[in-house]
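Using the sequences plus the hints, can you model the full thing?
These protein sequences, in sequence, are chains H and L.
Here numbering that gives the first Met the number 0 is used: the first residue of the first sequence is 0, the next is one more, and so on.
Here numbering that gives the first Met the number 0 is used: the first residue of the second sequence is 0, the next is one more, and so on.
Keep in mind that the hints were calculated from the coordinates and are not lab data.
Each hint should be verified, as a subset may be incorrect.
In the DSS-like style, the derived pairs of lysine-lysine whose C-alpha atoms are separated by at most 30 Å in a straight line are [stated by the list, open to error]: (1) L:Lys141 x L:Lys219; (2) L:Lys141 x H:Lys12; (3) H:Lys12 x H:Lys42; (4) L:Lys141 x H:Lys42.
Rough simulated footprint, nothing fancy, chain L against chain H, three-plus residues with beta-carbon under 8 Å [unchecked claim]: (5) 24-32; (6) 67-74.
Just a few of them, taken from the derived set where beta-carbon distance is under 10 Å, the chain L residues facing chain H [stated by the list, open to error]: (7) Asn105; (8) Ser150; (9) Val153.
Yeah, the Cβ is synthetic: ideal placement off N, Cα and C, and Gly gets one too.
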Amino acid sequence: MPAYEVVVDVMLKPEILDPAGQAVSNALPSLGLPVATALRIGKHVELVLDAPDEAGALAQATTMAEVLLSNPVIEDFRVRLA
Amino acid sequence: MTARIGVVTFPGSLDDRDAQRAVRLAGAEPVALWHGDADLQGVDAVVLPGGFSYGDYLRAGAIARFAPAMTSVVEQAGNGLPVLGICNGFQVLCESGLLPGALTRNQSLHFLNRDQTMRITSSSTAWTSDFAADQDVVIPIKNGEGCYVASEAVLDVLERTGRVVARYTGSNPNGSSRDIAGIANEAGNVVGFMPHPEHAVEDLTGPGTDGLAFFTSVLKSLVTA
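The following block contains the structure:
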C-alpha cells in the first residue's frame with residue numbers, strides 16, 4: 000500500500016479562551032513587532048499512513064483525530080494531505 | 000471487614016502514595032493498582048491520583064484514559080463503583096467520558112500551588128457525604144490545567160441537578176467556569192475534584208484535615224450500600 004503524508008491541525012474552539020495565544024499576542028508589540036488582530040495557538044500533527052488511496056488515508060487520520068488527537072469538548076480539527 | 004480502596008498508579012502519577020496514606024488515615028486499606036493491569040483486585044472504591052500521567056502528552060489525561068485499568072474503572076463505575084479523580088485524575092475522568100466537560104490551561108498561565116478556600120456545595124455524593132451542607136474548607140491546589148470548561152447547557156444541568164460538588168471561594172485560582180472546583184456524575188458515585196484532599200489529612204503536613212472527609216465519606220457509603 001502506498002504511504003500518504005497527512006496533517007491534522009487541532010485548534011481550541013473559538014469560544015474556548017486561549018491564554019497562551021493571548022500571552023504571545025501581547026508579547027508582539029512589546030518586542031516592536033506588528034500587532035496581530037487575532038492569534039490562536041494549536042497543535043500540528045504530521046502522520047505517515049499506509050492506505051489504499053488518499054481517501055483511505057484521510058479517513059484513518061479523521062478517526063485518529065476524533066478518538067485521540069482532539070477533545071471534542073474544547074477542540075476542533077482539520078485533516079488534509081501534506 | 001476493612002474497606003479496600005484502590006489507588007491507580009500511572010507513569011507520571013505523583014500523589015499515589017499520598018492518596019494511599021489518606022486512605023489509611025481514614026481507616027481503610029489502600030490497594031496499589033497498576034495502570035497496565037485491568038484487574039482492580041475487587042476493591043470497594045478507586046482513587047485516580049494527581050500528577051502528570053504519561054507526561055500530560057497531547058492533553059492532560061488523554062493517554063491515561065486508554066490504560067487497561069481505566070477500561071475496568073469505566074466499566075465498574077457504570078455499576079456504581081465509587082471513583083474519585085483528584086487533579087490529574089479529574090482530567091482523566093473527563094477525557095474518559097465519565098464526567099462532562101474538560102480541564103484547560105489556567106487563565107493566568109501560571110502553575111498554582113497554594114492553600115485554597117472553597118465551599119463543598121453537595122454532600123450527596125459518595126465522596127462528600129461527611130461534609131455539612133455548604134461547608135467552607137481549606138484544601139491545597141496545585142495545577143497548571145485546572146480551568147474547568149463545559150458548554151453553558153452542560154453547566155446549567157450540573158447546577159440544576161446538584162452535581163457541582165465544590166466551588167472556589169475568594170478569588171478563582173484558574174478561571175474555572177462558575178468557580179467550579181469539582182463535579183459529580185449523575186449517580187454521585189464518580190467525583191472529579193481539582194484540589195488535593197489527600198494533602199489535607201493531617202495538621203503536620205497540610206493546612207488542616209478538611210480533606211479527610213472525602214475518604215471517610217466513601218467508607219460510610221460502602222457501609223450503607
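Hints, verified against the model:
no.	hint	in the structure
1	L:Lys141 x L:Lys219	holds (28 Å)
2	L:Lys141 x H:Lys12	holds (26 Å)
3	H:Lys12 x H:Lys42	holds (12 Å)
4	L:Lys141 x H:Lys42	holds (25 Å)
5	24-32	violated (count 0)
6	67-74	holds (count 5)
7	Asn105	holds (7 Å)
8	Ser150	holds (8 Å)
9	Val153	holds (9 Å)
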